[in-house]
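Chemist: Order-wise, the sequence lines are chains E and S. For the first sequence, the working numbering assigns the number 1 to the initial residue and increments by one for each residue that follows. For the second sequence, the working numbering assigns the number 111 to the initial residue and increments by one for each residue that follows.
Since the hints were made in silico from the structure, they are not lab data. Heads up, a few of these hints could be off.
Said to hold, decoys possible - Listed below are the simulated DSSO-like cross-link pairs for lysine-lysine, each with C-alpha atoms no more than 27 angstroms apart in a straight line:
1) K152(S) x K13(E)
2) K57(E) x K115(S)
3) K181(S) x K1(E)
4) K152(S) x K1(E)
5) K125(S) x K181(S)
6) K167(S) x K1(E)
7) K57(E) x K181(S)
8) K152(S) x K57(E)
9) K167(S) x K125(S)
10) K168(S) x K125(S)
Computed from a predicted model, the values in this text were never measured in an experiment.
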Amino acid sequence: KAGVTQTPRYLIKTRGQQVTLSCSPISGHRSVSWYQQTPGQGLQFLFEYFSETQRNKGNFPGRFSGRQFSNSRSEMNVSTLELGDSALYLCASSLSSAQYFGPGTRLLVL
Amino acid sequence: QQQVKQSPQSLIVQKGGISIINCAYENTAFDYFPWYQQFPGKGPALLIAIRPDVSEKKEGRFTISFNKSAKQFSLHIMDSQPGDSATYFCAASGTYNTDKLIFGTGTRLQVFP
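Please construct the entire structure, taking both the sequences and the accompanying hints into account.
Modeler: This is the structure in structure tokens:
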């Protein structure tokens, strides 16, 4: 089975812009979660989607949003980018408890 | 109460030795405890996971020890190899939030030949 795929892998944006990241889960997995990884804050949960509905949300501002499509693919959007949004954004898919991560999208905000 | 505390921050082990990483949690609602391995430039890879109904789980050279009363769990890597050099994260999630993993701060393991 193919693993979790994320696109793009690298992205450079400037402050104030917005960005959309994409995630394709492992075939058959209906749950998709997003995490932000930074050297200072570590791995932090953003949100989780199941069957196109947001089931869980972390402590991030409303500039961070997401959605899930009927084929379980997910996107996350960050509006009005700030320098502190520079991070590795990871997507994970799961069937039961085990979560499998993609390679991440490295976002640099200048 | 949502935190998972991980130690040590870094660990240097000689090839063939045992690497031990410890984690502690406060929230008694946590009931799923996975460990992840992450290499530079890659996403975290699930290594092994445990639930509180068992005190130990072994998969190959990797063993999780779980102490429910102390709210602690640890990863033991037996016969450590240079290829094990990576960052290791413990995590925890609760019964009704199984997809919301709370991660420890990570341990950078270096195994020298």
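Chemist: Which hint numbers doesn't this structure obey?
Modeler: Hint check: 3 and 5 fail, others pass.
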